[in-house]
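Asks: This is what each chain is made of:
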Amino acid sequence: MSRDLSAILARHQHDPLRLVQILRDVVEEHGFISPGTITTLAERLSLPRGRVEGVAGFYAFFPTENAGRYRVLFSDNITDRMAGSVELRQRMLEAFQVRDGEVSRDGLVSIGTTSCTGLCDQGPAMLVNGRAIPRLTRARIGSISAMIHGQAPLDTWPANLFDIHTHIERKDLLLSTPLAAGAAIDAAIARGPDATVAQVKASNLRGRGGAGFTTGVKWEMCRAAPGEAHYVVCNADEGEPGTFKDRVLLSDYADLVFEGMTVAAFAVGAKRGFLYLRAEYPFLLAPLEATLAERRKAGLLGKSIRGVADFDFDIEIHVGAGAYVCGEESALIESLEGKRGIPRNRPPYPVTSGYLQQPTVVNNVETLAKAAFVVMHGADWLRVRGTGRSAGTKVLSVSGDVARPGIYELPFGATVREVLDLCGATDVQAVQVGGPSGMLLSRSEQHRRIMFEDVPSAGAFMVFDDSRDILQVLENFASFFAHESCGFCTPCRVGTALQRRMLSALAKGYGTRRDLKDLARVAKVMKASSHCGLGATAGNAALDALEKFKPAFEKRLGTLEVMPTFDLDRSLAPAREVTGRDDDEAHLSHEEEE
Amino acid sequence: MASEKKKLRVATTSLAGCFGCHMSLLDIDERLLELLKLVEFDRSPLTDIKHCGPCDLGIIEGGLCNAENVHVLREFRKSCKVLVAMGACAVNGGLPAQRNHLDIRDCLQTVYMTGTGIRRGFIPNDPELPLPLDRVHPLHDVVKIDYFLPGCPPPADAIWHFLNDLLAGRTPTLGHGLIHYD
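Which chain is which? The protein sequence lines are A and B, in order. Be aware that the first sequence starts at 20, since it is given in this note's numbering, and climbs by one per residue. Be aware that the second sequence starts at 29, since it is given in this note's numbering, and climbs by one per residue.
Keep in mind the hints are simulated off the structure, nothing from the lab. Glycine included, C-beta positions come from ideal geometry on N, C-alpha and C. One thing to keep in mind: the hints can contain errors.
What the hints assert, rightly or not - Just a sample of chain B residues kept apart from chain A, beta carbon distances all over 10 Å, derived: (1) Leu36; (2) Cys46; (3) Leu64; (4) Val100; (5) Gln137; (6) Asn153; (7) His165; (8) Val170; (9) Lys172; (10) His189; (11) Asn192; (12) Leu202; (13) Gly205.
Claimed, not checked - List time: in silico BS3-like cross-link candidates among lysine-lysine, alpha-carbon distance up to 25 Å: (14) Lys569(A) with Lys536(A); (15) Lys172(B) with Lys569(A); (16) Lys34(B) with Lys109(B); (17) Lys527(A) with Lys543(A); (18) Lys527(A) with Lys574(A); (19) Lys78(B) with Lys106(B); (20) Lys290(A) with Lys316(A); (21) Lys316(A) with Lys220(A); (22) Lys172(B) with Lys527(A); (23) Lys536(A) with Lys546(A); (24) Lys34(B) with Lys78(B); (25) Lys35(B) with Lys65(B); (26) Lys536(A) with Lys109(B); (27) Lys574(A) with Lys172(B); (28) Lys172(B) with Lys543(A); (29) Lys106(B) with Lys172(B); (30) Lys65(B) with Lys536(A); (31) Lys65(B) with Lys34(B).
Please build the complete structure, drawing on both the sequences and the hints.
Replies: What follows is the structure in structure tokens.
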């Protein structure tokens, strides 16, 4: 064991900053991180043991107990559920006689769930030992189960099982403009760093990760900030359920994204860049590394890029380990530094104090891709599309009850109606724009526009038709937030758990009017007092639904002002089972007996 | 004449708690005498009265871990005009709720059958014994609770302040120093 660890540690130069990458390798080779491994790693990296244990315990894809030779995790986004993931998981649990989330007695397999894996256009999806399998059907589950029973190594499984499809349904400015690798870099060099920043500023390009900060201003602040070194980080930790546009940009437009990072590096004076790739996209890793290698060979990365004496820049890919909160830029930087992904206090912002407390630009994948073209073709390239405060286009990830799920690039200002018509949605009950942290729109709001001035979006666009139960949607979102809360601040840690419990009781028909009030109150407390955006937005969907889908709650309410939030009699069933009792005292009535 | 005001009738009980909140109540020390000028106790560990009559105020420590807890809670709700959940267990389930991630069947089996040193064990099944619920619940999961008095236990001063507010007709508020957030 410790010899394997030596090899892993050597591969990462015994660098504590690479702890997350080291632990990834440990899980890859050993399946889980044992207490002994934690002790050894702590000693060899000269870190406190608690620090290593803390990191190991933080990320969903770092099991600290044996998770079986095959760790199966079903993607648990609402779109996976709508496509039948619950039934498929149940079949598999029965096939292996194992309980949800537990390891089978022979140590062969564990079957559980994980947050959205970004394959919503081809769900239901799962991860087996970290490898993604989309388009699950009963037949696929059958053959997967058979291969696990037969203990076939993952590498021998049919390759088509792991095929990830790309569905680009509508191209606009970004996805249809051709790129000659290096052209944007040449344009930046010709113009010089200050003019490059000025141009991005003039284009009014705003962050496509959701927050919408003006990219040029971010670059300008970073460039001006004093520091020993500057860094460029591409945020590809695309964790918002229902979002998969960065996955497609990285699979089909990787050169463009790296071009954007290199231009950003030139503009702010960075020598090193990181692409923080979410762990759910391991299939992108090899192609991305290959693209980087090509770019190094072509002199687009490395020393004296394009012959400019001190323009040195290279990019490392850092893979996450299953933590939604790491999409928050300061949590992402913590994770890059080999720590738990807990958001920092801001200010100071990353532009002045980011990676290793140095000035750092963190941009979304789509933002960087667009920045490359802005530098290449000028500020007006972007501004020919969109609205006054939302220049250009937005790449949307459309999923749910639609005929053609996939990627749609539309000018900012497009109405919800236009998107629904394009993707073939009928009998629409609701649309969740921007993922669970975004906005829930009702049927009557189809005139609303996707733009920063009205309905901002990080890219998700999930459609629910009349057959869907909004409360189940909300329950799914609430479980997601409760699972992904990092636990650092009380309003979010407790609030997300309360929200999940209340919505679960409401969905089961155990709710009262008072619960509706409490639900709104908890959402408002989270919004007002959470440490970061996760908690601040975790109650959005519930608040929207309470306003727009009130009857969906009301028809589930009990008639009493207060009633038990769970089935009292059923909660005695396990004890009845083991004691063999069935007398009167072994039962409880649901309503108070007179 | 006017000072002969009717005393408030108060019941208290400990469900799935440790009696720590009741100990904290006793910690108001000599102020107990002042309190007794204003209230009289119905069912309470202090009086050993077994069942609750009509009361103005019920104070409950501990959450719900078994069927009997549910019956007692319902008796309190039926008898008391105002019901207070006192302490972390009543408010949130508290320490007993630590068992909520375990299967109660496994718990009973381990404790009575497979644990160290147990031979020929069996799980007690006398109808006199209340059956445990599969999970421990806070009080408001089953009945309406009017006020929550947090703390583990709430400090004596907090209890004193809270009761004084309540008796004087003010909505109880625990300010800085009497309430701790984490």
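Asks: Compare the structure with each hint and give your call.
Replies: Status of the hints after comparison with the structure:
Separation of Leu36(B) from chain A is adequate, the least Cβ-Cβ distance of about 23 Å exceeding the 10 Å criterion. Once the 10 Å rule is applied to beta carbons, Cys46(B) is consistent with being away from chain A; the minimum gap is 22 Å. With a least beta-carbon separation of about 32 Å from chain A, Leu64(B) lies farther than 10 Å from that chain, consistent with its non-interface assignment. Residue-level check passed: Val100(B) sits 12 Å from the nearest beta carbon of chain A, beyond 10 Å.
Non-interface status of Gln137(B) relative to chain A is broken: a Cβ of that chain comes within 10 Å, the nearest being about 7 Å off. The claim that Asn153(B) lies off the interface is violated: its Cβ sits roughly 4 Å from the closest Cβ of chain A, which falls inside the 10 Å cut-off. Taking the minimum C-beta to C-beta distance to chain A, about 7 Å, the non-interface status of His165(B) is violated against the 10 Å cut. At the 10 Å boundary, the C-beta of Val170(B) falls inside the reach of chain A, the nearest C-beta of that chain being 5 Å off.
Not every Cβ of chain A is farther than 10 Å from the Cβ of Lys172(B); the closest lies at roughly 4 Å, contradicting the non-interface assignment. Annotated as non-interface, His189(B) keeps its C-beta farther than 10 Å from every C-beta of chain A; the closest such distance is 23 Å. With a closest Cβ-Cβ approach of about 26 Å to chain A, Asn192(B) is found to remain outside the 10 Å limit, as its non-interface label requires. For Leu202(B), the shortest C-beta to C-beta distance to chain A comes to about 16 Å, beyond the 10 Å cut-off, and the non-interface label holds.
A cut-off of 10 Å between C-beta atoms confirms that Gly205(B) is not in contact with chain A; the least separation is 18 Å. As the CA atoms of Lys569(A) and Lys536(A) are separated by approximately 12 Å, the hinted pair is consistent with the 25 Å bound. Annotation: proposed proximity of Lys172(B) to Lys569(A) holds, straight-line Cα distance about 23 Å (limit 25 Å). With a C-alpha separation of about 16 Å, the suggested pairing of Lys34(B) with Lys109(B) holds against the 25 Å cut-off.
Distance restraint check for Lys527(A) and Lys543(A): the Cα-Cα separation of roughly 24 Å lies within the 25 Å cut-off, and the hinted pair is therefore satisfied. About 11 Å separates the Cα atoms of Lys527(A) and Lys574(A), which keeps this hinted pair within 25 Å; it holds. For the hint pairing Lys78(B) with Lys106(B), the CA-to-CA distance comes to about 15 Å; that is within 25 Å, so the pair holds. With a CA separation close to 17 Å, the supplied pair Lys290(A) and Lys316(A) stays within the 25 Å bound.
Taking the CA atoms of Lys316(A) and Lys220(A), the gap is near 31 Å; set against the 25 Å cutoff, the hint is violated. Our distance criterion of 25 Å between C-alpha atoms is met by Lys172(B) and Lys527(A), whose separation comes to about 19 Å. Taking the CA atoms of Lys536(A) and Lys546(A), the gap is about 15 Å. The hint holds against a cut of 25 Å. Between Lys34(B) and Lys78(B) the CA atoms are separated by roughly 23 Å; this keeps the pair inside 25 Å, and the hint holds.
For the suggested pair Lys35(B) and Lys65(B), the alpha carbons sit about 7 Å apart, so the restraint of at most 25 Å is met. Between the alpha carbons of Lys536(A) and Lys109(B) the distance comes to roughly 22 Å, so the proposed pair stays at or under 25 Å and holds. The hinted pair formed by Lys574(A) and Lys172(B) meets the criterion: a straight-line CA distance of about 21 Å does not exceed 25 Å. Using a Cα cut-off of 25 Å, the hinted pair Lys172(B) and Lys543(A) holds, with the two alpha carbons roughly 22 Å apart.
For the hint pairing Lys106(B) with Lys172(B), the CA-to-CA distance comes to about 11 Å; that is within 25 Å, so the pair holds. Proposed proximity of Lys65(B) and Lys536(A) is contradicted: the alpha carbons are some 38 Å apart, above 25 Å. Among the hinted pairs, Lys65(B) with Lys34(B) is consistent with the structure: their alpha-carbon atoms are about 10 Å apart, no more than 25 Å.
Figure legend: structure checked against the earlier numbered hints; hints not met, in rising order: 5, 6, 7, 8, 9, 21 and 30.
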